Amino acid sequence: MVFRYINTRHPIHQLRHEMDRLLTGLLGRATGWPAPDRGRPATNVWEHGDTVMVEMELPGLKSEQIEMSVSGGELTVKANRPEDQPEGTVYHRRERPRGASERALRLPADVDTSKVEANLADGVLTISLPKAESAKPRKISVAPQKTAQEKQT
Amino acid sequence: MANEDTAAKSSADETRAEHTWSGQHYRPDVDIYEKDSELILLADMPGTQGDKIDIGFEDGTLTIHAEVEPRQDENAEYLLREYEVGSYFRTFQLSEAIEASKITAEYVDGVLRLCLPKSEAARPRKITVKS
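Heads up: the protein sequence lines correspond to chains R and D, in order.
Heads up: the first sequence begins at 1 in my numbering, then just goes up one per residue.
Heads up: the second sequence begins at 1 in my numbering, then just goes up one per residue.
Looking at chain R on its own, in the form it has when it is part of the complex (with noise of 0.2 Å):
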């Protein structure tokens, strides 16, 4: 899984808005495109100062039902849902998904892996990984070139 660098302003991808905005009236919600895969989390990743963050909706999981692992330049996040279906009961709608769900993510090159966190509250799970110091910008000083005098002396 390779991110994708969304240049927002193409007309594909304003077009693409503009439909997802004129479906979600219709079906209620916004439509992934391609379609949503229950097995595979639909995930948002930005960019917030000097942190990559990454964000799944994954409702009904307490931490421990969830394994995240970074390796080699890739996050993965796996988790597992059960059946909840209460006891004696007849089920006459089920739209919930339920079940194994995987997701890896390639991260970007400059993302110290060693100090991602990660935070799961109200169903939704939230990992920041915070960019390597040798990534950020650095102010190069250039030292003054030597006058014909001083590189004589």
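FYI, nobody ran anything at the bench for these hints, they're computed from the structure.
Treat the hints with caution; some may be incorrect.
Quick list of in silico lysine-lysine cross-link-like pairs, BS3-like style, CA-CA up to 30 Å [stated by the list, open to error]:
(1) R:Lys62 x D:Lys102
(2) D:Lys126 x D:Lys52
(3) D:Lys118 x D:Lys102
(4) R:Lys62 x D:Lys35
(5) R:Lys62 x D:Lys130
(6) R:Lys78 x R:Lys139
(7) D:Lys130 x D:Lys118
(8) R:Lys78 x R:Lys62
(9) D:Lys130 x D:Lys52
Just so you know, these numbers come straight off a predicted model, no measurement behind them.
Following the hints, put chain D in place on chain R, whose structure we already have.
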């Protein structure tokens, strides 16, 4: 949907009545279960809190509405954007008679759980045949 279940029908769309709130609202995924004494409704609604969820029941219509705070800055630089964050809204027309005063709600790990006890008249009764 072609195959509509008997216990609950989702209202055609929330656009019949005008709402006062603005902004995009999403329909949460829902499971509905039934036993003799009650209906149980489970809704996936991550990213909100118990005190931001409004549940109403009137004339057999159940309404669920929850405000969700945005989690990203408006002008955040996205590297990947596959879903939107927004408030939830959904209504159901329940065919069972429900004891409105006994409805309970719980919000844990982003899932709303509603127990809707059926009123006495609606509970199935065994009828013995005298012979």
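Do the hints match the structure? See the list:
1. R:Lys62 x D:Lys102: holds, 29 Å
2. D:Lys126 x D:Lys52: Violated: Lys126 (chain D) and Lys52 (chain D) sit about 41 Å apart, past 30 Å.
3. D:Lys118 x D:Lys102: Since the Cα atoms of Lys118 (chain D) and Lys102 (chain D) sit roughly 9 Å apart, the hinted pair holds (cutoff 30 Å).
4. R:Lys62 x D:Lys35: Holds, at roughly 27 Å.
5. R:Lys62 x D:Lys130: Since the Cα atoms of Lys62 (chain R) and Lys130 (chain D) sit roughly 53 Å apart, the hinted pair is violated (cutoff 30 Å).
6. R:Lys78 x R:Lys139: Violated, because 40 Å separates the two Cα atoms, which is more than 30 Å.
7. D:Lys130 x D:Lys118: holds, 28 Å
8. R:Lys78 x R:Lys62: holds, 12 Å
9. D:Lys130 x D:Lys52: violated, 54 Å
Consistency note: the structure conflicts with the earlier hints numbered 2, 5, 6, 9.
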